[in-house]
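Chemist: Sequence:
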Amino acid sequence: MVKIGHIELPDFPLLLAPMEDVSDPPFRALCKEQGADVVYTEFVSSEGLIRNAAKSVMKLDIYEKERPVGIQIFGANMESMLQTIDIVEKSNPDIIDINFGCPVKKVVSKGAGAGILKDICLMEELTAEMVKRTNLPVTVKTRLGWDHDSIKIVEVAERLQDVGIKAISIHGRTRAQMYKGNADWKPIAAVKNNPRMHIPVFGNGDINTPERAVEMRDSYGLDGAMIGRASIGNPWFFKQVKHYFKTGEHLAPITIEERVEAARRHLQMSIDWKGEKLGVFETRRHYTNYFKGIPDFKPYRMKMVTSDHSKDVFDAFDEVLEKFSNYQFTH
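Just so we're aligned, residue 51 is where the sequence shown starts under the working numbering, counting upward by one.
Treat the hints with care, as some may be off.
To be verified - In silico DSS-like pairs for lysine-lysine, Cα to Cα no more than 27 Å straight-line: (1) Lys292 - Lys342; (2) Lys230 - Lys242; (3) Lys168 - Lys182; (4) Lys242 - Lys292; (5) Lys242 - Lys296; (6) Lys353 - Lys342; (7) Lys53 - Lys342; (8) Lys289 - Lys342; (9) Lys202 - Lys216; (10) Lys296 - Lys348; (11) Lys236 - Lys296; (12) Lys324 - Lys140; (13) Lys156 - Lys53; (14) Lys202 - Lys155; (15) Lys115 - Lys353; (16) Lys105 - Lys53; (17) Lys342 - Lys373; (18) Lys182 - Lys53; (19) Lys168 - Lys115; (20) Lys230 - Lys53; (21) Lys168 - Lys216; (22) Lys182 - Lys242; (23) Lys296 - Lys327; (24) Lys292 - Lys216; (25) Lys155 - Lys168; (26) Lys115 - Lys292; (27) Lys140 - Lys168; (28) Lys160 - Lys182.
As the list claims (entries may be wrong) - Simulated DEER-style distance windows between Cβ atoms: (29) Lys160 - Glu308: 38 to 48 Å; (30) Lys342 - Pro245: 17 to 27 Å; (31) Gly231 - Glu174: 26 to 36 Å; (32) Asp358 - Ala104: 20 to 30 Å; (33) Phe295 - Phe379: 20 to 30 Å; (34) Asn232 - Lys168: 20 to 30 Å; (35) Asp199 - Lys160: 17 to 27 Å; (36) Ser375 - Lys230: 55 to 65 Å; (37) Asp368 - Glu175: 52 to 62 Å; (38) Arg117 - Arg334: 24 to 34 Å; (39) Arg101 - Asp197: 28 to 38 Å; (40) Gln318 - Gly298: 31 to 41 Å.
No lab work stands behind these hints, which were simulated from the structure alone.
Cβ atoms here follow ideal geometry from the backbone N, Cα and C, with glycine treated the same way.
Just need the whole structure built from these sequences, with the hints factored in.
Modeler: Structure, rendered in structure tokens:
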């Protein structure tokens, strides 16, 4: 059993990574149904929250069916981050997660996200004060370091643990790498193998097949896997990994009926949550993966990703179901 504070999770839990414009309530609900053990919100700007910015406040929406759910926040200003803890607590999440890993320039330029990897003392001080501010378990998501020459993740993880975080998720790239090259899990294993570490250490980055999840568990000895890009348009990834853990065999391919049904539900939940315009727009990125592998699919995909009205997208789903009802997926 793995524990984040008082929250009990199964052995080697699978966590849905916080992803901007992806891990919203509709997508989290789908992933939860398919076996995600913990889900995280999109990252929420502390400066946006304390200014009551609508987009930031909306990201605090969480639902009972998602639990355990973590709200992830980012920022570099002590007072703003502490005020944010107070605001976030009102949404009653199970976990508060601090983003010390986002590599995007507009975040990093303010010293937040992965930008704070340039100032480990501030990172530690900020974390310590946030832990003191709440009774909820605080976790951290971060990267190996700012660049290849400044990787101190074993020391960093220990320092964050010592000021009270209850788990750490580490992406196996530096900020300089962004998402290029391969994730390096060896430094994450070094964190786990540090005899002074006693909190769960979760790995993140390039877990794109069930075999890779097994490798992270068995070869690197980590406590769980945080799944990001592999789940986009593929909420079944969690179920596929768990089936492989249990049987050593791949789950039967997801059928066209299941894919269309998930895409339909995803779009409808998005519209219900954020309205027609945003609901249609922000679900688009999932369709390529929902229907990956189908030959001659481009005209249908173009209709899905260019239509501004949900009726047209739902019609496209119906056309796909009819046209490809006999298509056999291979994976």
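Chemist: All the hints need checking, so say for each whether the structure fits it.
Modeler: These are the hints, each one checked on the structure:
Between Lys292 and Lys342 the CA atoms are separated by roughly 21 Å; this keeps the pair inside 27 Å, and the hint holds. Note on Lys230 and Lys242: the hinted pairing holds, with a Cα-Cα distance of about 24 Å set against a maximum of 27 Å. With a CA separation close to 23 Å, the supplied pair Lys168 and Lys182 stays within the 27 Å bound. Taken as a hint, the Lys242 and Lys292 pair is honoured in the structure, with Cα atoms around 22 Å apart against an allowance of 27 Å.
The suggested pairing of Lys242 with Lys296 holds, with an alpha-carbon distance near 24 Å, which does not exceed 27 Å. For the suggested pair Lys353 and Lys342, the alpha carbons sit about 15 Å apart, so the restraint of at most 27 Å is met. Taking the CA atoms of Lys53 and Lys342, the gap is near 36 Å; set against the 27 Å cutoff, the hint is violated. Among the hinted pairs, Lys289 with Lys342 is consistent with the structure: their alpha-carbon atoms are about 18 Å apart, no more than 27 Å.
Distance restraint check for Lys202 and Lys216: the Cα-Cα separation of roughly 20 Å lies within the 27 Å cut-off, and the hinted pair is therefore satisfied. For the hint linking Lys296 to Lys348, the alpha-carbon distance of about 36 Å lies beyond 27 Å, and the restraint is violated. For the suggested pair Lys236 and Lys296, the alpha carbons sit about 25 Å apart, so the restraint of at most 27 Å is met. Among the hinted pairs, Lys324 with Lys140 is consistent with the structure: their alpha-carbon atoms are about 21 Å apart, no more than 27 Å.
Between Lys156 and Lys53 the CA atoms are separated by roughly 34 Å; this puts the pair beyond 27 Å, and the hint is violated. Restraint check for Lys202 and Lys155: satisfied, since their Cα atoms lie roughly 22 Å apart, inside the 27 Å limit. Between Lys115 and Lys353 the alpha-carbon distance is near 32 Å, which puts this suggested pair outside the 27 Å criterion. Taking the CA atoms of Lys105 and Lys53, the gap is near 32 Å; set against the 27 Å cutoff, the hint is violated.
Restraint check for Lys342 and Lys373: the C-alpha separation of about 15 Å stays at or below 27 Å, so the hint holds. Annotation: proposed proximity of Lys182 to Lys53 holds, straight-line Cα distance about 20 Å (limit 27 Å). For the hint pairing Lys168 with Lys115, the CA-to-CA distance comes to about 38 Å; that exceeds 27 Å, so the pair is violated. Using a Cα cut-off of 27 Å, the hinted pair Lys230 and Lys53 is violated, with the two alpha carbons roughly 32 Å apart.
Proximity of Lys168 to Lys216 is assessed by CA-CA distance (about 23 Å); at most 27 Å being required, the pair is judged to hold. This hinted pair checks out: Lys182 and Lys242 have alpha carbons roughly 25 Å apart, not beyond 27 Å. Restraint check: the Cα-Cα separation between Lys296 and Lys327 comes to about 41 Å, which exceeds 27 Å; the hinted pair is violated. The straight-line distance between the Cα atoms of Lys292 and Lys216 is roughly 24 Å, inside the 27 Å bound, and the hint therefore holds.
Between Lys155 and Lys168 the CA atoms are separated by roughly 14 Å; this keeps the pair inside 27 Å, and the hint holds. Taken as a hint, the Lys115 and Lys292 pair is honoured in the structure, with Cα atoms around 20 Å apart against an allowance of 27 Å. In summary, the hint linking Lys140 to Lys168 is not supported, as the alpha carbons are separated by about 32 Å, beyond the 27 Å threshold. With a C-alpha separation of about 24 Å, the suggested pairing of Lys160 with Lys182 holds against the 27 Å cut-off.
At about 42 Å, the CB distance of Lys160 to Glu308 agrees with the hint of 38 to 48 Å. As the Cβ distance of Lys342 to Pro245 is approximately 43 Å, the hint placing it in 17 to 27 Å is violated. As the Cβ distance of Gly231 to Glu174 is approximately 28 Å, the hint placing it in 26 to 36 Å holds. Roughly 21 Å separates the CB atoms of Asp358 and Ala104, a value that falls within the hinted 20 to 30 Å.
The beta-carbon spacing between Phe295 and Phe379, approximately 21 Å, falls within the hinted interval of 20 to 30 Å. At roughly 24 Å, the beta carbons of Asn232 and Lys168 sit within the given window of 20 to 30 Å. About 23 Å separates the C-beta atoms of Asp199 and Lys160, a value consistent with the hinted range of 17 to 27 Å. About 40 Å separates the C-beta atoms of Ser375 and Lys230, a value inconsistent with the hinted range of 55 to 65 Å.
The hint said 52 to 62 Å for the Cβ distance between Asp368 and Glu175, and at roughly 56 Å that hint holds. At roughly 28 Å, the beta carbons of Arg117 and Arg334 sit within the given window of 24 to 34 Å. In this structure, Arg101 and Asp197 meet the distance hint of 28 to 38 Å, their C-beta atoms being roughly 32 Å apart. Between Gln318 and Gly298 the Cβ separation comes to about 36 Å, which falls inside the hinted range of 31 to 41 Å.
Taken one by one, the earlier hints fail for this structure at numbers 7, 10, 13, 15, 16, 19, 20, 23, 27, 30, 36, listed in ascending order.
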